[in-house]
Amino acid sequence: MAVGSGIAPLPALVLPKVRSKNEAVALGILGIVLFLGLWEGAAQIGWINPVVLSSPSRIAVAFAGQWESGQFLADLGVSLSELAIGFALSLAVGVAIGIAMGLSRTTEYALDPFVWFLYSTPLVALYPLIVVWLGFGFATVLAITFMLTVIPIVVNTLAGVRSVDPSLVRAVRVFGGSGYDVVMKAVLPASLPLVLAGVRIGLGRALIGVVLGEMFSSNAGLGFRMTVYAAHLKTADVFVPLAAFVIIGVITTQLAILLESRLQSWRT
Amino acid sequence: MTLSRRLVVGTVSVLAFLVLWQFVGQREIVRSDLISYPTEVFATFVHLTSTGELGSNAAVTLQEFIEGFVPSIVVGVVCGVLLALVRPLRELLDPLLTAIYTAPVIAFIPILVVWFGVGTYSKVVIVFISAIFPIMINTRVGVSEVAEPWLRAVRSFGADQLQIVTKAILPGSMPAIMAGIRLGLGRAIVGLIAGEMYVSIAGIGRMIQTYSSAARSAEIIVLVVVIAVFGYVCVALLRSAENRMGTWRSDLE
Amino acid sequence: MAHLEIDGVSLAYPNVRERSTFLALDGIDLGVERGEFVTIVGPSGCGKSSLLMLIAALLHPTGGSVRLNGKPVTAPGPDRALVFQDFALLPWRTVLKNVELGLELRHVPAAERAAIARKYIAMVGLREFERSFPHQLSGGMRQRVGIARALSVGPEVLLMDEPFGALDAQIRQVMAVELLKIWERDRKTIVFITHDIDEAVFLADRVIVMSASPGRIIETIRVELPRPRPLTLRSHPDFVVYRERIWSLLEEQVRSSLHWQAADDTPPLAQVP
Numbered sequence: 002m003a004v005g006s007g008i009a010p011l012p013a014l015v016l017p018k019v020r021s022k023n024e025a026v027a028l029g030i031l032g033i034v035l036f037l038g039l040w041e042g043a044a045q046i047g048w049i050n051p052v053v054l055s056s057p058s059r060i061a062v063a064f065a066g067q068w069e070s071g072q073f074l075a076d077l078g079v080s081l082s083e084l085a086i087g088f089a090l091s092l093a094v095g096v097a098i099g100i101a102m103g104l105s106r107t108t109e110y111a112l113d114p115f116v117w118f119l120y121s122t123p124l125v126a127l128y129p130l131i132v133v134w135l136g137f138g139f140a141t142v143l144a145i146t147f148m149l150t151v152i153p154i155v156v157n158t159l160a161g162v163r164s165v166d167p168s169l170v171r172a173v174r175v176f177g178g179s180g181y182d183v184v185m186k187a188v189l190p191a192s193l194p195l196v197l198a199g200v201r202i203g204l205g206r207a208l209i210g211v212v213l214g215e216m217f218s219s220n221a222g223l224g225f226r227m228t229v230y231a232a233h234l235k236t237a238d239v240f241v242p243l244a245a246f247v248i249i250g251v252i253t254t255q256l257a258i259l260l261e262s263r264l265q266s267w268r269t
Numbered sequence: 002m003t004l005s006r007r008l009v010v011g012t013v014s015v016l017a018f019l020v021l022w023q024f025v026g027q028r029e030i031v032r033s034d035l036i037s038y039p040t041e042v043f044a045t046f047v048h049l050t051s052t053g054e055l056g057s058n059a060a061v062t063l064q065e066f067i068e069g070f071v072p073s074i075v076v077g078v079v080c081g082v083l084l085a086l087v088r089p090l091r092e093l094l095d096p097l098l099t100a101i102y103t104a105p106v107i108a109f110i111p112i113l114v115v116w117f118g119v120g121t122y123s124k125v126v127i128v129f130i131s132a133i134f135p136i137m138i139n140t141r142v143g144v145s146e147v148a149e150p151w152l153r154a155v156r157s158f159g160a161d162q163l164q165i166v167t168k169a170i171l172p173g174s175m176p177a178i179m180a181g182i183r184l185g186l187g188r189a190i191v192g193l194i195a196g197e198m199y200v201s202i203a204g205i206g207r208m209i210q211t212y213s214s215a216a217r218s219a220e221i222i223v224l225v226v227v228i229a230v231f232g233y234v235c236v237a238l239l240r241s242a243e244n245r246m247g248t249w250r251s252d253l254e
Numbered sequence: 504m505a506h507l508e509i510d511g512v513s514l515a516y517p518n519v520r521e522r523s524t525f526l527a528l529d530g531i532d533l534g535v536e537r538g539e540f541v542t543i544v545g546p547s548g549c550g551k552s553s554l555l556m557l558i559a560a561l562l563h564p565t566g567g568s569v570r571l572n573g574k575p576v577t578a579p580g581p582d583r584a585l586v587f588q589d590f591a592l593l594p595w596r597t598v599l600k601n602v603e604l605g606l607e608l609r610h611v612p613a614a615e616r617a618a619i620a621r622k623y624i625a626m627v628g629l630r631e632f633e634r635s636f637p638h639q640l641s642g643g644m645r646q647r648v649g650i651a652r653a654l655s656v657g658p659e660v661l662l663m664d665e666p667f668g669a670l671d672a673q674i675r676q677v678m679a680v681e682l683l684k685i686w687e688r689d690r691k692t693i694v695f696i697t698h699d700i701d702e703a704v705f706l707a708d709r710v711i712v713m714s715a716s717p718g719r720i721i722e723t724i725r726v727e728l729p730r731p732r733p734l735t736l737r738s739h740p741d742f743v744v745y746r747e748r749i750w751s752l753l754e755e756q757v758r759s760s761l762h763w764q765a766a767d768d769t770p771p772l773a774q775v776p
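Protein chains in written order, with the working numbering: chain A, 2 to 269; chain B, 2 to 254; chain C, 504 to 776.
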């Protein structure tokens with residue numbers, strides 16, 4: 002059904018209005034700005050207690066302080082490196098295991114119960130065991146990040162390999178492809194969507210792992226810093242690393258989505 | 002038959018793991034206070050249950066969960082529907098909500114504890130916030146993507162706005178809503194345990210933290226299994242609720 | 504006064520990006536008598552579906568008016584029921600509940616609804632599938648559910664938008680025969696859209712031939728073949744005359760809508776003699 006001056010009284014609510022991308026982005030930014038504005042306004046007027054709930058202006062001041070002292074950058078560095086290393090490790094191991102399970106039914110059946118258990122258990126509960134084994138510090142954060150991230154990557158890679166349409170494999174064979182060709186030209190590209198979905202989910206989980214590890218078993222990084230400020234009831238300061246995590250989360254998710262769409266322009 | 006081969010290989014694998022674990026732990030090939038072993042874990046489970054320690058803490062955690070999760074479903078679905086149907090709301094709030102959705106919710110725990118205290122109330126809030134975003138966003142997506150033929154059919158028979166929502170939009174977006182609830186469930190459990198571990202007076206998470214500092218692996222493993230079972234039971238309940246609501250596949254029409 | 508009057512109806516869509524207006528329908532004048540079976544044929548994109556949507560009031564015309572029993576149609580309602588090419592059944596409802604949909608929306612009480620729905624489910628020959636779900640049915644069966652659903656609200660006019668378009672060729676022919684049997688019972692006014700010239704002639708009292716976009720009525724052809732019409736009618740010499748007549752009107756329209764660009768070195772496509 003088309004849109005036009007002739008449109009009958011549809012609940013105009015349900016119809017998606019055609020907006021340009023720029024308009025949508027602008028409106029979104031407006032929403033965030035409104036939110037911040039309302040928050041600040043409420044704090045200024047006294048509707049909310051700025052000492053307890055804080056306000057954008059106080060957070061900005063706190064950020065300036067943390068930046069100047071170098072604290073923020075140092076913490077950011079630690080967190081980002083944990084994220085990067087943990088994720089990279091999980092990616093390598095996860096894809097490898099996923100492919101192994103995908104190519105060999107026996108491997109899949111043998112590993113499946115453990116993968117399933119780790120997939121459905123809130124892994125945050127396993128974290129204390131890791132502390133018992135590895136103590137406090139970088140290694141523990143890395144370990145929990147790895148543990149949280151590797152599972153979705155394994156699951157999605159396996160699903161990806163299994164999802165390859167047999168007729169694709171047949172097509173490559175029919176046109177004279179070898180086993181190597183089959184893997185490179187059919188299996189890998191065809192399993193990519195699900196693998197990339199696993200990457201996206203894994204990135205989100207990795208960030209959670211970093212936050213978790215730093216909050217509970219570290220003495221460096223943004224997560225740790227947050228708990229310190231919270232213990233001293235410095236609410237404005239708490240928001241700075243918190244906002245950093247939110248922004249990192251948004252950026253990594255958008256990057257992952259961008260990657261997914263770039264590598265899959267052949268999908269409708 | 003593939004099914005029984007899967008079952009056989011899987012069971013053998015798990016049994017082999019348990020036997021190996023028992024062997025390694027009991028013989029102290031690796032220190033048993035680090036990894037424990039199956040029979041010790043089971044004995045510890047019995048002990049914790051008989052003293053009532055497990056039961057009373059589990060009750061606290063369960064209560065926090067229900068008090069946070071149930072309202073999050075109601076509020077999440079309602080807000081999701083509103084977001085989908087009221088265009089200005091959606092366009093303004095979507096980026097903000099998506100940002101919070103993609104953020105690690107556990108990062109909010111310290112500030113929530115500052116605001117809501119160290120007791121059960123802050124945990125209820127954590128559960129609520131962890132669950133509501135996936136529910137809200139999945140509901141919104143589900144509603145916006147309700148297939149056009151269904152809307153067209155209902156409209157062609159003269160449905161008014163309310164009827165369009167109740168007879169086409171809500172049933173049509175049910176799969177997405179259930180998916181959102183499932184996601185919310187996972188996040189809620191993670192948030193809840195992490196919150197209790199961070200600081201609390203009672204609860205499974207608190208137990209984990211206590212035994213963690215005492216390096217009591219057996220107890221920790223018992224608690225991990227308890228949490229895993231809880232998660233599994235919740236998912237099973239959700240699945241049966243979904244089935245009772247009628248199985249249909251949206252890609253077939 | 505005709506049962507259904509379409510009076511100088513035009514439909515234009517503004518094209519926001521190109522700042523122009525796309526004219527879908529250009530001054531359609533059509534009167535449909537009570538109990539008449541009218542089919543509309545034309546090339547793709549000629550606006551036939553839009554015309555049906557206008558009669559159903561799911562779209563509003565930019566010019567002219569649509570009147571039922573003399574009164575303008577303003578909103579969708581049970582007096583003009585639609586049958587869709589993609590069936591548009593609600594997948595979470597059983598056959599019975601799907602057929603009851605129109606009655607439900609009119610707040611007809613449950614027992615009465617079920618009785619009416621069952622009557623029409625029996626009429627389309629699906630009595631034993633009352634409790635099945637759409638995904639368990641074949642395409643032809645789903646469309647029968649769609650027809651039952653439309654009939655159960657007791658419409659004055661049945662609007663059918665290429666209802667057999669998604670079905671295979673053999674089933675289409677049988678469905679056409681069955682549709683006529685159902686129609687013979689109470690002779691509703693039907694407006695039926697199709698691509699298939701044979702189907703149009705087979706079903707209709709009158710065939711409306713439309714041009715390519717912007718859609719206009721090229722000609723109206725009265726089909727004087729006797730009823731009831733058997734499947735074999737399609738080979739009858741009189742039938743062939745109608746088919747040729749309509750095809751000769753449409754061929755040019757169809758070719759122009761194809762946008763077939765001639766390769767440089769080939770002669771222009773030969774015309775059908």
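Calculated directly from the structure, the hints in this document are not laboratory data. Careful, some of the hints might be misleading.
[Said to hold, decoys possible] Listed next, with one range per pair, are the computed distances between beta-carbon atoms: (1) A:Leu-37 x B:Val-13: 51 to 59 Å; (2) A:Leu-37 x B:Phe-117: 20 to 28 Å; (3) A:Ile-86 x B:Ala-203: 31 to 39 Å; (4) A:Ala-232 x B:Pro-39: 36 to 44 Å; (5) B:Pro-39 x A:Lys-22: 55 to 63 Å; (6) A:Trp-68 x B:Thr-167: 47 to 55 Å.
[Said to hold, decoys possible] Partial chain B-side listing against chain A, Cβ under 10 Å, derived: (7) Ala-17; (8) Gln-64; (9) Tyr-122.
Beta carbons are placed, not taken as given, at the ideal position from N, Cα and C, and that holds for glycine.
query: Among all the numbered hints in the text so far, which are the ones the structure does not match?
result: 8 and 9
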